[in-house]
Amino acid sequence: MSCILELQNIGFTYGAGTPFEKRAVDGVSLKINKGEFIGVIGHTGSGKSTLVQMLNGLIRPTDGRVLLDGKDIWDEPKKIRNVRFRVGMVFQYPEYQLFEETVYKDIAFGAQNKGLTGKELDEAVLKAARFAGVKESHLQKSPFDLSGGEKRRAAIAGVIAMDPDVLVLDEPTAGLDPMGREILLSQISGYHKQRGNTILLVSHTMEDIARVADRIIVMNRSECVMFDTTKSVFAQGDKLRETGLRVPQITSVMQTLKNKGYSVPDGVLTVDEATSVLAALMKKEGKAW
Amino acid sequence: MVRDVAFGQYFPTDSVIHRLDPRAKILMFIAYIVVIFCTFNYASLGVIAGFTVLFLALSRISPKFYFKSLKVIIFIVIFTSLLNLFYGTGEPIFQWGIFKLTWNGIHRAIFVTVLASSCLTFTTSPTELTDAMERLMKPLKVIHFPVHEVSMMMSLALRFIPTLLEETDKIMAAQKARGANMDSGNLIQRVKSLIPILIPLFVSAFRRAYDIATAMECRCYRGGAGRTRMKSIHMSTRDGIAVAVLVLVPAGVIICNILIPAMV
Amino acid sequence: MKFISIENVCFSYAEETDPQPHVNAVDGVTLTVDKGEFVAVIGHNGCGKSTLAKHLNAMLLPDSGRVIVDGDDTADEEKTWDIREKVGLVLQNPDNQLVAGIVEEDVAFGPENLGVEPDEIRRRVDEALKAVDMYEYRGHAPHKLSGGQKQRVAIAGILAIQPQCIVLDEPTAMLDPNGRDEVMRTLQKLNREQGITVVLITHYMDEAVKADRVVVMDNGKVLTQGTPQEVFRQVELLKKHRLDVPQTAELAYRLRGCGVDLPDIPLTEDECIKMLEEAMK
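Residue numbers (our numbering), protein chains in the order written: chain A, 171 to 459; chain B, 544 to 807; chain C, 531 to 811.
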């Protein structure tokens, strides 16, 4: 596996030298591989939003380096826009960034800025719309006529259309209902599987992270306190709780059972997994079919 | 970032200035500005400067915030200074009777106005400010001027300035992430590059306005009639003293103007 | 004792604001809310739950049917303001319901509109801010607060009107987990200690589990209602309408499908662990 993004001891201080000085990110070093699905968790104010905004050069680290394919993204500050096309960023409530007359034009905005024209541009837009689940019949509508969930998907398509190698999503499911959450999440993981690119998903919903992430970055008080596989991060429920986070309900139930001496594994992440583990266990004792 | 601007913020500490009647503060502010334009020599300028420092000190707000609010206008001052070099010192650019307008005068006016208005907004909450304006404008009701509505709109505007600034930051970041180019190109291109920011901002402002109207109705708002105020404002001895002190400033300035020949 | 009764209410939005004007947003809902009850209403976006919420304080009036609040019909225009004093409505976006630049001045807004005496307003404001644990923030500017804090100030703003019932339209949808906890704790406290009737519109099942009664809405109609136990026991029905159930409930439901004998559907971790241990004995 080859590394696509590397953070070397990066840090960021807001308002350096003023009375409002605040260290938002401190000494984070990590490597992210091509094609990985990374979850980023941490409570509000832990520095995770600042961290992800440094990945595409929206925020310039006050110290340390961000390497994209081994090259410091700030080598040529004038060309930082090119980094933004390679590391796509979907902000929280991205529907607030829609502005064009039609959904089609809005999706095309980023790709156009990247320099695509004509047939290439058209293909990019249609492909992105498909990936994000934007109906074709909506493309010629005004984005402001869509429903909340549809607007959200159109906005995400606008970032996907730039065909980034790394896609960062900051709480893409915030404010959606369970069905909308479910649909969007499977859309994202479908996109990840087909396109094979690297995805960073920032979320407060541990159940979602547990379902899709390969590895998890845990931020606490401006530092990266854990960076490990999803299983082993959620197996450390107590340590997570110290940072003000929780584990999925099902993981917590299974952990308690394990602590009580039942032979169940660590870090059970989904209801599916728990069902098969428990059913197998009870079958042995003849309490299940 | 836009939201770092200190100008126009309120700092809820407790000081003599904070406790003054906002109406007195507004009247003093207006008097102050008028007086600045009547300073013709260093002595009267000294009087103004002295009182400015006194008021700022009494507000018990750290000088660094005043410096910060000055930062906003520094470029205006530099710009006019440059013009000043070409036009020479003290040359009146406009004269009407004894009133003459000089670049120097404009400098001082801008400087002191910013300090004084910072002092006003730092020490007076938006609600107090609009409440005071509503009362000061009350006579206008006779000519059917919607006094309450205007002051309510002003206080809502003040309340939502920080929120909208924050929103502007967010929208700018989101469009930059889509490769929007805002820092280069000619004037027309730059104006065009604002569209992706302004449209979402307007849309969101309208949505907010709708929400706010609903929220206000839910909290039984039905216009100004029959409303009471938690912090009812009334003039006290303290306000009398403050106004009296401020009368001394123009008096001092006028005396200086008469005694010492104009030289600035 | 019945406090609000909704009788066969239908409502559709006027053409210009609704993308599907022919559909009834609320379609024949009959429901009662008792004094002192904590009711959660769940359902998808667009199922009519927010529209229903706005009927409870006469922000919207039914096309047909009636809403009776404490004996008064919401359609009676003379009673509109009495009803809004009795039933306060808290909205989703905490930013858009704080109208003043200082927390305490915002909380004072409601009683000021009612023409309450200044000393009494002061007393109510302090009391309301203490009730939501925001008293020490009374001098702060709203935009400096966290989402959960803003929403608690919004609740205090309603409390200062001294309503008997608070209706909250997805108050936690825009908050992080800590903010959600803060708001839920505040609501439970107000319900228990001050006997305030709470109607909570939400799509988080873990919040609905904490209510006395859960009403599930779908397509403008009431799908099912009952205690959290009764509602979430119907895992199949909820799943069919693509609604969430707590993970513990889903686990138990699936294990039952494998022939495991579980006495009930657990809604909390503790219940679930106890039941599983029982089953594995």
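There's no promise every hint is true.
[Said to hold, decoys possible] Computed cross-link-like contacts, DSS-like style, restricted to lysine-lysine with a CA-CA straight-line distance of at most 27 angstroms:
hint, chain 1, residue 1, chain 2, residue 2
1, A, Lys192, B, Lys607
2, A, Lys249, B, Lys614
3, A, Lys249, B, Lys607
4, C, Lys674, B, Lys713
5, B, Lys614, A, Lys192
6, B, Lys713, A, Lys248
7, A, Lys428, C, Lys804
8, B, Lys614, C, Lys674
9, C, Lys674, A, Lys305
Quick caveat, the hints were computed from the structure, so don't treat them as lab data.
Hint-by-hint comparison with the structure:
At roughly 17 angstroms between alpha-carbon atoms, lysine 192 (chain A) and lysine 607 (chain B) fall within 27 angstroms of each other, so this suggested pair holds. Simply put, lysine 249 (chain A) and lysine 614 (chain B) have alpha-carbon atoms about 30 angstroms apart, too far for the 27 angstroms limit, and the pair is violated. At most 27 angstroms may separate the alpha-carbon atoms for a hinted pair to count; lysine 249 (chain A) and lysine 607 (chain B) exceed this at roughly 36 angstroms. Restraint check for lysine 674 (chain C) and lysine 713 (chain B): satisfied, since their Cα atoms lie roughly 16 angstroms apart, inside the 27 angstroms limit.
With a CA separation close to 21 angstroms, the supplied pair lysine 614 (chain B) and lysine 192 (chain A) stays within the 27 angstroms bound. For the hint linking lysine 713 (chain B) to lysine 248 (chain A), the alpha-carbon distance of about 22 angstroms falls within 27 angstroms, and the restraint holds. For the hint pairing lysine 428 (chain A) with lysine 804 (chain C), the CA-to-CA distance comes to about 13 angstroms; that is within 27 angstroms, so the pair holds. Taking the CA atoms of lysine 614 (chain B) and lysine 674 (chain C), the gap is near 23 angstroms; set against the 27 angstroms cutoff, the hint holds.
Taking the CA atoms of lysine 674 (chain C) and lysine 305 (chain A), the gap is near 39 angstroms; set against the 27 angstroms cutoff, the hint is violated.
Taken one by one, the earlier hints fail for this structure at numbers 2, 3, 9, listed in ascending order.
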